[in-house]
Amino acid sequence: MIIESIDWAPLWLTLRLATVTTLILLIIGTPFAWWLSRTTCRFKTAIEAVVALPLVLPPTVLGFYLLVGLGPHGPVGSVWHNLGGDALVFTFTGLVIGSTIYSLPFIVQPLQNTFESLGQDLLEAAATLRASPLNRFFTVVVPLARPGFLTAITLAFAHTVGEFGVVLMIGGNIPGKTKVVSIAILDHVESLEYQEAHLLSAGLLLFAFVVLFIVYTLNRRYKLSLT
Amino acid sequence: MTIRARIQLVRSGFKLDAEFEIPGKGVTALFGQSGSGKSTLLRCLAGLERSSSGVIFVGDACWQDDTGNVFLSPHQRSLGYVFQDARLFPHLDVRRNLEFGWKRVPPMQRRIEFDQVVQWLGLENIIQRMPPRLSGGEQQRVAIARALLTSPQLLIMDEPLAALDATAKAEILPYLERLPEQLSMPVIYVSHALEEVTRLADSMLLLKDGKLIASGNLKDVMTRLDLPLSHMDEAGSVIDATVIGHDDEFQLTCLKFSGGQISVSRLSLNQGSPVRVRILARDVSIALGRPEQTSILNVFAASVIELGAHSPSQLLVRLAVGTDQVVARITRKSAALLDLKSGCQVFAQVKSVALVS
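As you go down the protein sequences, you meet chains A and B in turn. Each residue of the first sequence is one higher than the last, beginning at 0 in numbering that gives the first Met the number 0. Each residue of the second sequence is one higher than the last, beginning at 0 in numbering that gives the first Met the number 0.
No wet-lab data here; the hints were simulated from the structure. Since we're looking at a predicted model, the values are computed, not measured. We put the beta carbon where it would ideally sit given N, CA and C, even for glycine. Just to be clear, a hint being listed does not mean it is correct.
[As the list claims (entries may be wrong)] Listed below are the simulated EDC-like cross-link pairs for lysine to aspartate or glutamate, each with C-alpha atoms no more than 20 Å apart in a straight line: (1) B:Lys-102 <-> A:Asp-186; (2) A:Lys-176 <-> A:Asp-186; (3) A:Lys-222 <-> B:Asp-338; (4) B:Lys-207 <-> B:Asp-92; (5) B:Lys-218 <-> B:Glu-176; (6) B:Lys-210 <-> B:Asp-16.
[As the list claims (entries may be wrong)] The calculated label-pair distances, taken between Cβ atoms and stated as ranges, are: (7) B:Gly-121 <-> A:Ser-224: 49 to 57 Å; (8) B:Asn-68 <-> A:Tyr-64: 46 to 54 Å; (9) B:Leu-71 <-> A:Tyr-215: 30 to 38 Å; (10) B:Asp-16 <-> A:Phe-212: 40 to 48 Å; (11) A:Trp-34 <-> B:Lys-24: 31 to 39 Å; (12) B:Asp-16 <-> A:Ser-224: 42 to 50 Å; (13) A:Ala-8 <-> B:Phe-113: 24 to 32 Å; (14) B:Ser-50 <-> A:Trp-34: 49 to 57 Å.
[What the hints assert, rightly or not] One-sided excerpt, in silico: chain A residues whose CB lies under 7 Å from chain B: (15) Thr-113; (16) Glu-115; (17) Gly-118; (18) Ala-124; (19) Ala-130; (20) Ser-131; (21) Asp-186; (22) Lys-222; (23) Leu-225.
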């Protein structure tokens, strides 16, 4: 059977990478998006442009700078090394850092849009009802921003699953360590193993469709429940 | 207990500067044209405008004091705020909206029963509904209940009826009228509808272009000729009276006030009931002798306190009737013919009396 001959390690690695990356993005992206949605800082536009860079840059450009920056002689890599950290490039940690930066706009932009559309009115009402700022965020903003969160999580996760250029530059192609599905597919094609490439590709395609379908259904239901 | 405040706020093209003291119970109307800074003043009281400066004391509690560097955030101020739009949380049903503030107030500080408020505002049948499925009037009733349930030291209502149609207004006004007797809590009620104000308020703050131009007893502020209220088309005075009897033959009800008796169309009120009536300046005429053979039933002995210009052809005359005051709008020509001066003893004929509550 072809299924048995397939090496599943890249798939698990991909899912692990996407999960870890999405979690980190949620933790840093949510407060960041909130700040962007409320700030009147004059550097706001510049910061927004920087966040959006991964959308327009060729992934290899980003990957190249990450490789240089995180490498043992790079500004980040050397500090990290002096602090006693292991190598960042060609490791899972390096992949997570790269993916986090690469997928940042996919979390920040939908969340920022959602937060901006919420406005101040309900938050003011909550404030006059004794809710502290953090309390307001978790009891008013988070529930009302649920569709935005779902969209952001889906996009960040799916985008990490599908990335190629950054991963290849910074992670290389080390089986079990940095070889993710998208690279495995390329490997199979280069070795003319079309059936294996087919199976992995079809699997990703199906995965992407199912995830998006579920998210759209949930968001639709949520919007209906609010009317 | 009183509420003392001095509030200043400067924004591009607008300056708010108000200092006032209002009683710790009853309804104080904050009245002014749109754009006069009413909402801004309220938002400063609530702490929603961080850039405001000044001093706010509610009873002994200091909410803001620039000299002592005190600025409580809105959630630290014991206030209830009813916005023009109800601002209910769309993801929570009515019960959970009501509980939002209630459960954030320590049980020891709750002075108002949950079920009681639900009953006062007639929310029993909608308690499980989601806000978007409520009518405008129902939403505003929920918003009022939600604010009350925080047992606030001060209730702020920012034109709670302005966004509603006439039917919904009529539905809510009776609830608002009953509130002051049911709670001993000061209420600041913003409106630019004089009728609402005369129905609900006891005292008044008058705001114009960001400046407080008058404050005090509602009856005084409404009859002062140097203030814009007495010059409005629907200007008039407010008089508190008591039902003393009914005339079954002519279907009239007789009311007593400091200046005499008023006859109005029969009311279904018991003897002794308090009523508030409004006498519009345009409905009052002045005679030097007691008019006889006139169709007007309500004639009171009065003395002229002062005269004030109104328009090129008209004057306003402030009259003392008993301990109450009535304003008459008459032509300048009439005033000259009657030779009206302050101190003149006259008779005020009141063509119609409007019942406000």
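Each hint, compared with the structure:
1. B:Lys-102 <-> A:Asp-186: Violated, because 60 Å separates the two Cα atoms, which is more than 20 Å.
2. A:Lys-176 <-> A:Asp-186: 15 Å, holds
3. A:Lys-222 <-> B:Asp-338: Outside the cut-off at roughly 72 Å; violated.
4. B:Lys-207 <-> B:Asp-92: Distance ~40 Å between B:Lys-207 and B:Asp-92 Cα, so the pair is violated.
5. B:Lys-218 <-> B:Glu-176: Holds, at roughly 18 Å.
6. B:Lys-210 <-> B:Asp-16: Given pair B:Lys-210, B:Asp-16 holds - Cα atoms ~5 Å apart, limit 20 Å.
7. B:Gly-121 <-> A:Ser-224: 49 to 57 Å: Given range 49 to 57 Å: violated, Cβ gap about 26 Å.
8. B:Asn-68 <-> A:Tyr-64: 46 to 54 Å: With a Cβ separation near 47 Å, B:Asn-68 and A:Tyr-64 satisfy 46 to 54 Å, so the hint holds.
9. B:Leu-71 <-> A:Tyr-215: 30 to 38 Å: 44 Å, violated
10. B:Asp-16 <-> A:Phe-212: 40 to 48 Å: Cβ of B:Asp-16 to Cβ of A:Phe-212: about 59 Å, so the range 40 to 48 Å is violated.
11. A:Trp-34 <-> B:Lys-24: 31 to 39 Å: Given a distance of about 43 Å, which is not inside 31 to 39 Å, the answer is violated.
12. B:Asp-16 <-> A:Ser-224: 42 to 50 Å: Since the Cβ atoms of B:Asp-16 and A:Ser-224 sit about 47 Å apart, the hinted range of 42 to 50 Å holds.
13. A:Ala-8 <-> B:Phe-113: 24 to 32 Å: 59 Å, violated
14. B:Ser-50 <-> A:Trp-34: 49 to 57 Å: Between B:Ser-50 and A:Trp-34, where Cβ atoms are some 20 Å apart, the hint is violated.
15. Thr-113: Violated, because the Cβ-Cβ distance from A:Thr-113 to chain B comes to roughly 14 Å (cut-off 7 Å).
16. Glu-115: 17 Å, violated
17. Gly-118: 10 Å, violated
18. Ala-124: Hint on A:Ala-124: holds, closest Cβ of chain B at ~4 Å, below 7 Å.
19. Ala-130: OK, holds: A:Ala-130 within 7 Å of chain B, min 6 Å.
20. Ser-131: Hint on A:Ser-131: holds, closest Cβ of chain B at ~5 Å, below 7 Å.
21. Asp-186: With a minimum Cβ separation of about 48 Å from chain B (threshold 7 Å), the hint on A:Asp-186 is violated.
22. Lys-222: Result: violated, 11 Å to nearest chain B Cβ.
23. Leu-225: At about 5 Å, which falls below the 7 Å cut-off, the nearest Cβ of chain B leaves the hint on A:Leu-225 intact, so it holds.
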